[in-house]
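K.L.:
Sequence:
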Amino acid sequence: MTPDSQERDPYNIPEFDRVMRGLVGVDPEELKETAQMSDQSSNEAKAAKLKSRIDELREEWERLDANGSQSTKQNSVSNRIGIVQKQLKELTGEDY
Numbered sequence: 015m016t017p018d019s020q021e022r023d024p025y026n027i028p029e030f031d032r033v034m035r036g037l038v039g040v041d042p043e044e045l046k047e048t049a050q051m052s053d054q055s056s057n058e059a060k061a062a063k064l065k066s067r068i069d070e071l072r073e074e075w076e077r078l079d080a081n082g083s084q085s086t087k088q089n090s091v092s093n094r095i096g097i098v099q100k101q102l103k104e105l106t107g108e109d110y
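Just so we're aligned, residue 15 is where the sequence shown starts under the working numbering, counting upward by one.
Hints listed in this document are in silico derivations from the structure and should not be mistaken for laboratory results. As the structure is a prediction and not an experimental result, all values here were calculated from the model. In this text, a Cβ means the ideal position worked out from N, Cα and C, and glycines have one as well. It is possible that some hints are incorrect.
[To be verified] Lysine-lysine pairs mimicking DSSO-like chemistry, simulated, CA-CA at most 30 Å apart:
| # | residue 1 | residue 2 |
| --- | --- | --- |
| 1 | Lys-60 | Lys-87 |
| 2 | Lys-103 | Lys-87 |
| 3 | Lys-100 | Lys-87 |
| 4 | Lys-63 | Lys-46 |
| 5 | Lys-103 | Lys-46 |
| 6 | Lys-46 | Lys-65 |
[As the list claims (entries may be wrong)] DEER-style ranges, computed between Cβ atoms:
| # | residue 1 | residue 2 | range |
| --- | --- | --- | --- |
| 7 | Leu-105 | Glu-47 | 20 to 26 Å |
| 8 | Ser-90 | Glu-43 | 21 to 27 Å |
| 9 | Ala-80 | Lys-46 | 50 to 56 Å |
| 10 | Glu-43 | Arg-94 | 25 to 31 Å |
| 11 | Lys-87 | Asp-53 | 20 to 26 Å |
| 12 | Glu-108 | Gln-88 | 46 to 52 Å |
| 13 | Asp-79 | Asp-109 | 21 to 27 Å |
| 14 | Lys-87 | Lys-46 | 44 to 50 Å |
| 15 | Asn-93 | Lys-63 | 16 to 22 Å |
| 16 | Ser-55 | Asn-89 | 31 to 37 Å |
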C-alpha cells in the first residue's frame, strides 16, 4: 500500500465503483450518504444521552436544594453538569 492510497477516500476507487454498480447495483455516492447519515444518527443519539444526563443531574441538584443539603454536594453536582455540558458542546456545538 502506498502512502497516497492511505489518504484517499475509500469510496473513490474505480474497482469499488465497478463492483458496487455491477454486482450489487449500489451507487457509491449513496453509500457515502448512508455512512454520513449513520455518523449523524450516532451523534444525535450521543447528544440525546448527554441531554438526558444533564436533566438527571439538574433534578438531583434541585432535590439537594429542596432538602437543604450541604453546598459541597450541590457544587459537586454543578461541576458534573458543567462537564456533561462541555461534552455536549464539543459534540454538537449546542449549549444546553
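K.L.:
All the hints need checking, so say for each whether the structure fits it.
P.N.:
Comparing the hints with the structure gives:
no., hint, verdict
1, Lys-60 <-> Lys-87, "27 Å, holds"
2, Lys-103 <-> Lys-87, "24 Å, holds"
3, Lys-100 <-> Lys-87, "20 Å, holds"
4, Lys-63 <-> Lys-46, "26 Å, holds"
5, Lys-103 <-> Lys-46, "26 Å, holds"
6, Lys-46 <-> Lys-65, "29 Å, holds"
7, Leu-105 <-> Glu-47: 20 to 26 Å, "21 Å, holds"
8, Ser-90 <-> Glu-43: 21 to 27 Å, "50 Å, violated"
9, Ala-80 <-> Lys-46: 50 to 56 Å, "51 Å, holds"
10, Glu-43 <-> Arg-94: 25 to 31 Å, "43 Å, violated"
11, Lys-87 <-> Asp-53: 20 to 26 Å, "38 Å, violated"
12, Glu-108 <-> Gln-88: 46 to 52 Å, "25 Å, violated"
13, Asp-79 <-> Asp-109: 21 to 27 Å, "22 Å, holds"
14, Lys-87 <-> Lys-46: 44 to 50 Å, "49 Å, holds"
15, Asn-93 <-> Lys-63: 16 to 22 Å, "19 Å, holds"
16, Ser-55 <-> Asn-89: 31 to 37 Å, "36 Å, holds"
The structure does not agree with the numbered hints 8, 10, 11 and 12 stated previously, though it agrees with the rest.
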